[in-house]
Amino acid sequence: MAPVLALEPLRNGVLALAAAVLLLALFLLVQRGLGALARFRTNRREPILTRLVFGALQDSPVNATQFQKLGRRDRKLVRSILLGLALDLRGDSGEAISEIYRQLGFITKDLARLRSWRATTRANAAADLGLVHCSESTPALLHALDDRDMRVRQAAVWAIGQVGRRATLAGLVRLLGDQNLVVAHRAQEVLAERGSEVADAILAYAGNTSSRPGRLAATELIGWLRIGAGAKLLLGFMSDLDPEVRVKSVKAAAAIGDPVFLETFQSRLEDSSWPVRCQAARGLSLFGSPALVPRLSNALRDQQWWVRFYAATALAEVGPAGEAALTGALQDPEPSVREMARYLLERGNAVPALP
Amino acid sequence: MIWPSVPAILGWYASFILLFFFSINSYYLILTIAGFWRTLRVFQEVRRPDQRRLLRSPLTPPVSVLAPAFNEEANVVENVRSLLMLDYPLFEVVLVNDGSRDRTLGRLVDAFDLRRSARSFERALPCKPIRGIYESPTYPNLVVVDKQNGGKADALNAGLNLSLYPLFCAIDADSILEPDALLRLVRPFVDAPGVTIAAGGVVRVANGCDIRGGRVHAVRLPRRPLPLIQIVEYLRAFLFGRMGWSTGNTLLVISGAFGLFEKRAVVLAGGYATDSVGEDMELVVRMHRQRREQRQPYRIGFVPDPICWTEVPVSFRVLRRQRTRWQRGLIDTLVRHRAMIGRPRYGSVGMISLPGFFMFEMLSPLVEFSGYLLLPILWAMGLLNPAVAYTFFLLAIMYTVLVSALAVLLEDIAFRRYASVLDLGRLLVGAVLENFGFRQLTVWWRVRAFWEYLRGDLSWGAMERRGVSATT
Numbered sequence: 043m044a045p046v047l048a049l050e051p052l053r054n055g056v057l058a059l060a061a062a063v064l065l066l067a068l069f070l071l072v073q074r075g076l077g078a079l080a081r082f083r084t085n086r087r088e089p090i091l092t093r094l095v096f097g098a099l100q101d102s103p104v105n106a107t108q109f110q111k112l113g114r115r116d117r118k119l120v121r122s123i124l125l126g127l128a129l130d131l132r133g134d135s136g137e138a139i140s141e142i143y144r145q146l147g148f149i150t151k152d153l154a155r156l157r158s159w160r161a162t163t164r165a166n167a168a169a170d171l172g173l174v175h176c177s178e179s180t181p182a183l184l185h186a187l188d189d190r191d192m193r194v195r196q197a198a199v200w201a202i203g204q205v206g207r208r209a210t211l212a213g214l215v216r217l218l219g220d221q222n223l224v225v226a227h228r229a230q231e232v233l234a235e236r237g238s239e240v241a242d243a244i245l246a247y248a249g250n251t252s253s254r255p256g257r258l259a260a261t262e263l264i265g266w267l268r269i270g271a272g273a274k275l276l277l278g279f280m281s282d283l284d285p286e287v288r289v290k291s292v293k294a295a296a297a298i299g300d301p302v303f304l305e306t307f308q309s310r311l312e313d314s315s316w317p318v319r320c321q322a323a324r325g326l327s328l329f330g331s332p333a334l335v336p337r338l339s340n341a342l343r344d345q346q347w348w349v350r351f352y353a354a355t356a357l358a359e360v361g362p363a364g365e366a367a368l369t370g371a372l373q374d375p376e377p378s379v380r381e382m383a384r385y386l387l388e389r390g391n392a393v394p395a396l397p
Numbered sequence: 010m011i012w013p014s015v016p017a018i019l020g021w022y023a024s025f026i027l028l029f030f031f032s033i034n035s036y037y038l039i040l041t042i043a044g045f046w047r048t049l050r051v052f053q054e055v056r057r058p059d060q061r062r063l064l065r066s067p068l069t070p071p072v073s074v075l076a077p078a079f080n081e082e083a084n085v086v087e088n089v090r091s092l093l094m095l096d097y098p099l100f101e102v103v104l105v106n107d108g109s110r111d112r113t114l115g116r117l118v119d120a121f122d123l124r125r126s127a128r129s130f131e132r133a134l135p136c137k138p139i140r141g142i143y144e145s146p147t148y149p150n151l152v153v154v155d156k157q158n159g160g161k162a163d164a165l166n167a168g169l170n171l172s173l174y175p176l177f178c179a180i181d182a183d184s185i186l187e188p189d190a191l192l193r194l195v196r197p198f199v200d201a202p203g204v205t206i207a208a209g210g211v212v213r214v215a216n217g218c219d220i221r222g223g224r225v226h227a228v229r230l231p232r233r234p235l236p237l238i239q240i241v242e243y244l245r246a247f248l249f250g251r252m253g254w255s256t257g258n259t260l261l262v263i264s265g266a267f268g269l270f271e272k273r274a275v276v277l278a279g280g281y282a283t284d285s286v287g288e289d290m291e292l293v294v295r296m297h298r299q300r301r302e303q304r305q306p307y308r309i310g311f312v313p314d315p316i317c318w319t320e321v322p323v324s325f326r327v328l329r330r331q332r333t334r335w336q337r338g339l340i341d342t343l344v345r346h347r348a349m350i351g352r353p354r355y356g357s358v359g360m361i362s363l364p365g366f367f368m369f370e371m372l373s374p375l376v377e378f379s380g381y382l383l384l385p386i387l388w389a390m391g392l393l394n395p396a397v398a399y400t401f402f403l404l405a406i407m408y409t410v411l412v413s414a415l416a417v418l419l420e421d422i423a424f425r426r427y428a429s430v431l432d433l434g435r436l437l438v439g440a441v442l443e444n445f446g447f448r449q450l451t452v453w454w455r456v457r458a459f460w461e462y463l464r465g466d467l468s469w470g471a472m473e474r475r476g477v478s479a480t481t
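First to last, the protein sequences are chains A and B.
Heads up: the first sequence runs through residues 43 to 397, numbered per the numbering used here.
Heads up: the second sequence runs through residues 10 to 481, numbered per the numbering used here.
You may find that some hints are simply not true.
Chain A stretches covered by chain B per the calculated footprint, using a threshold of three residues with CB under 8 Å from any CB of chain B [what the hints assert, rightly or not]:
| no. | stretch |
| --- | --- |
| 1 | 67-75 |
| 2 | 223-232 |
| 3 | 283-296 |
| 4 | 374-385 |
Some, not all, of what chain B presents toward chain A, calculated at C-beta under 10 Å [unchecked claim]:
| no. | residue |
| --- | --- |
| 5 | V118 |
| 6 | D119 |
| 7 | D122 |
| 8 | S126 |
| 9 | S129 |
| 10 | A133 |
| 11 | L235 |
| 12 | L403 |
| 13 | R425 |
| 14 | G434 |
| 15 | V441 |
Distance ranges between label pairs, derived from CB positions [unchecked claim]:
| no. | chain 1 | residue 1 | chain 2 | residue 2 | range |
| --- | --- | --- | --- | --- | --- |
| 16 | B | L375 | A | L49 | 23 to 31 Å |
| 17 | A | R87 | B | R232 | 44 to 52 Å |
| 18 | B | D96 | A | P336 | 39 to 47 Å |
| 19 | B | Q53 | A | I90 | 44 to 52 Å |
| 20 | B | Q53 | A | L49 | 28 to 36 Å |
| 21 | B | G141 | A | A333 | 35 to 43 Å |
Don't read these hints as lab results, they were simulated from the structure.
All residues carry an ideal CB built from backbone N, CA and C; glycine is no exception.
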C-alpha cells in the first residue's frame, strides 16, 4: 500500500494542482483587466474616429490626410471601422471607402499579408481585399486560388467574386471541380451570384470536364442561372447513366422551363431513380398543359410520396382539366392517391415554398 | 499456487482507482484543450467577412425545425413565436404535440389561428397514429401535428415525416434558440453539402437569465447553487468536451435539445429509436456505424457559436431523473453498438471515442463509487492512514476544479457570455462546490441507472419546468 498511497507525493500533487488553479484564476483576472482596458480605449476613440471616417467619406475627392498623424492603434481602429462599413456600403460610398483604405496604405499591407507564412493571415488578407473591392489586388488573388491551404483558396474565391471582372470570374469555373469540397462549393456560390457574366465558360466546363463533382456543380449552375443556351447539353445529361447527373440536369431543365424539355420530362417520369421522376414532375408543372394530365395522373400512383406530391402539384397547375383529374383521384382505390388529391384540392396551388 | 492476500488485492485495486482517477481527469483536460483549440480555429474562419456574407446566401439549404412538445402549455406559444422569428432565409416549424394531456394544442390553435389540414405526408418512418395536422393561414411556415403519445423519439419521427426540407433541426419545445443560431449551425452543411450529415450546437443554461418574449436579453447566473454547478458542468462537458470530440470526426452525442441533421441520412439510418431513452446519442452512433460500414465519406460536426438556451433542473428529484436517464441512454447505446468498440473497421469512432465513452463515461461511476466504498474498508483494516485518505480526496477535488476552472477561463476567452468578473468568481465557486455532494450524488444516481437499465426501465420521468423566465 505504501508506494501507492504515500502521503508525500499526494500532498505535492495537491499543492501543484492548487497552484495551477490559482494561476488560472489570476490569468482570468489579468485577461479580463486587459480586455476591459482595451474596450475602454476603443469605446473612447471609436466615436471620434468614426466621425473622422464619415467626414472623409463625404469629401470629394476623398482625402485621407487627416488620418496620417494617427498612431498605430488608432490606424488599426480606423481599418476595422472601414472594413465594418465596407460590409454594408456599396456604390459611391463603397468606392470612397476603398480610396481611403488605399491612401492609408492598408492595401499594400494586405497584399504583403497575402504572402505571409500563416494561412490564417493570408486568408484574412484575401477576404479584406475582396471586402474593399480592391481591383488592383486581382492578380494576387488569382495567384491565391492555387494556394495550398483551402482556407486561403476559399477566401480568394469569394474576394474574386467581389472584385473580379469577366475574365477573372472565368478563372473560378475550374474550381468547381476543386479537390476540396468547401472551395468547390464556395466557387459555385460565387458563380451563382455573378456567373451569368461567364455563362459560356460554365457551359464549356460542364461539357468537357472529367470531374464528376465539377460537372454536377456546373449543371446546377446552368439551372440556377437559367442559361437557356445549355438546353442541348442538359438534354444529353438527362439520359446519362449516373442518376445524380440525371437528377441535377432535370432539375436545371425545370428551372429553365424551355418547351424543348417537355418530351424528355414526360419520358423521365418513368426513370428508375425517384428523384429524377420527382424533378420531371416538377418540370412538367411549369407547362400547365392539359395534354399532360394522363401522364401526371399516372404519376399520382408512384410509390414515392415526393413524386406523387409533385405530380399532384403539376395537375393543380394545369387548371380545370387537372382539377378534374384530382377530383377523380378522390375515388381512387389507393388511399395514398386519395390523400394526395384531397390535400392538393384543399390547398389549390398554394403549396408550401420548396427549395 | 500462492493466492495473493486480501490487503494485496485491495492495494492493487487502490492503485487501479488512482490510475483511473488520473486518466479520467487527464481525459477531460485533453478534451477541454482540444475543444478550445478547435473553437478558436472555427472562430478565425467565421470572423472573416466572406463567411458572414455567405451565410446569408440564397443557396443556404432550407431547414425544418422539429419541436416535440408534451404538456408544455405554459411556454409553448411564446416558444413557437420565438422560433417563427428565427433569422433564416427559408424554414418551417413543425411542432409535434405528443399526446399532451394539458392545453398545449388548444393554446396553439388559439394563438396561431390554426385550422385542420388534409396535408399529405411521406410515411418514411413508423410512428404512433397522427390525430390531426393543423396549419395556419397567418403563419404559412408553421405546422402543428397532433399525435398519440409515443415519446420524444416517436414525436421526432412523426415530425420528420411531415417535414419538407432536406435538413431538419431537432430542438426541445421549451428551449430558446438565439435568432441567428440556425444560420450559424448550418455552416458545416453549406461548406460541405452531402458530406456533413449532422451538426450539434451549444446548449447553455438559461436559469437566471433575463428572458422576455422568447429571447434571452441578458445572460446572468442563477442564484441557487444547483443550477450554478450545472453551468460549470455544461461548459466542461457539453461545450469543450463535444468540441474536442468533433476534432477527429468522433463526436458521439448531439444533444436532443439542439442538433441539425440531413433528413435523408437520418431516414436511411432508420430514424430515432423509440425503444431507447438516449435516442439522440443512439442515432448519432448508428449514423457513424452505417456510414463506416458502407465506407461512405461523412462528417458529424459540432459548431461552437450557435446557442440554444435550456432550463436545467433546480430540484434534486428532477436532477436525479435526468441523470439516471442520461446514464441509461448511454449504457443502452454502448450495449447496442458494442460490436463497434475496439474494431479498426470503425476507425477513430471504434478505436478512440467509443472506448473512451465506455471507460470514462459509462464505467466511471462504478469505479468512483467503488473507490468511495474502498476508503473506509482500507481504513477499517488499518491499511490506510486517514491523512492519506483526506489528501487523496483533496487531490481528486483539485484536479476536477482545475479542469472546470480551465473550462471557465476558456469560455471567457472564446465567448465571454458572462459579463462581470463577479460572475466568473461565482462560476469558480461552483466548480469547487460541485465536489461536495453534487458529484457524489450524481455518481450514486448513475450507479443506480445500471440497475434500472438491467430491469429494462425505459421511462423518461417528467422534467418539471418552472418556465425559463422564472428566477432560479
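Verification of the hints:
| no. | hint | verdict |
| --- | --- | --- |
| 1 | 67-75 | holds (count 6) |
| 2 | 223-232 | holds (count 6) |
| 3 | 283-296 | violated (count 0) |
| 4 | 374-385 | holds (count 5) |
| 5 | V118 | 18 Å, violated |
| 6 | D119 | 22 Å, violated |
| 7 | D122 | 16 Å, violated |
| 8 | S126 | 7 Å, holds |
| 9 | S129 | 4 Å, holds |
| 10 | A133 | 8 Å, holds |
| 11 | L235 | 22 Å, violated |
| 12 | L403 | 5 Å, holds |
| 13 | R425 | 8 Å, holds |
| 14 | G434 | 8 Å, holds |
| 15 | V441 | 9 Å, holds |
| 16 | L375/B x L49/A: 23 to 31 Å | 27 Å, holds |
| 17 | R87/A x R232/B: 44 to 52 Å | 38 Å, violated |
| 18 | D96/B x P336/A: 39 to 47 Å | 45 Å, holds |
| 19 | Q53/B x I90/A: 44 to 52 Å | 29 Å, violated |
| 20 | Q53/B x L49/A: 28 to 36 Å | 47 Å, violated |
| 21 | G141/B x A333/A: 35 to 43 Å | 38 Å, holds |
Going through the hint list in order, the structure does not satisfy hints 3, 5, 6, 7, 11, 17, 19 and 20.
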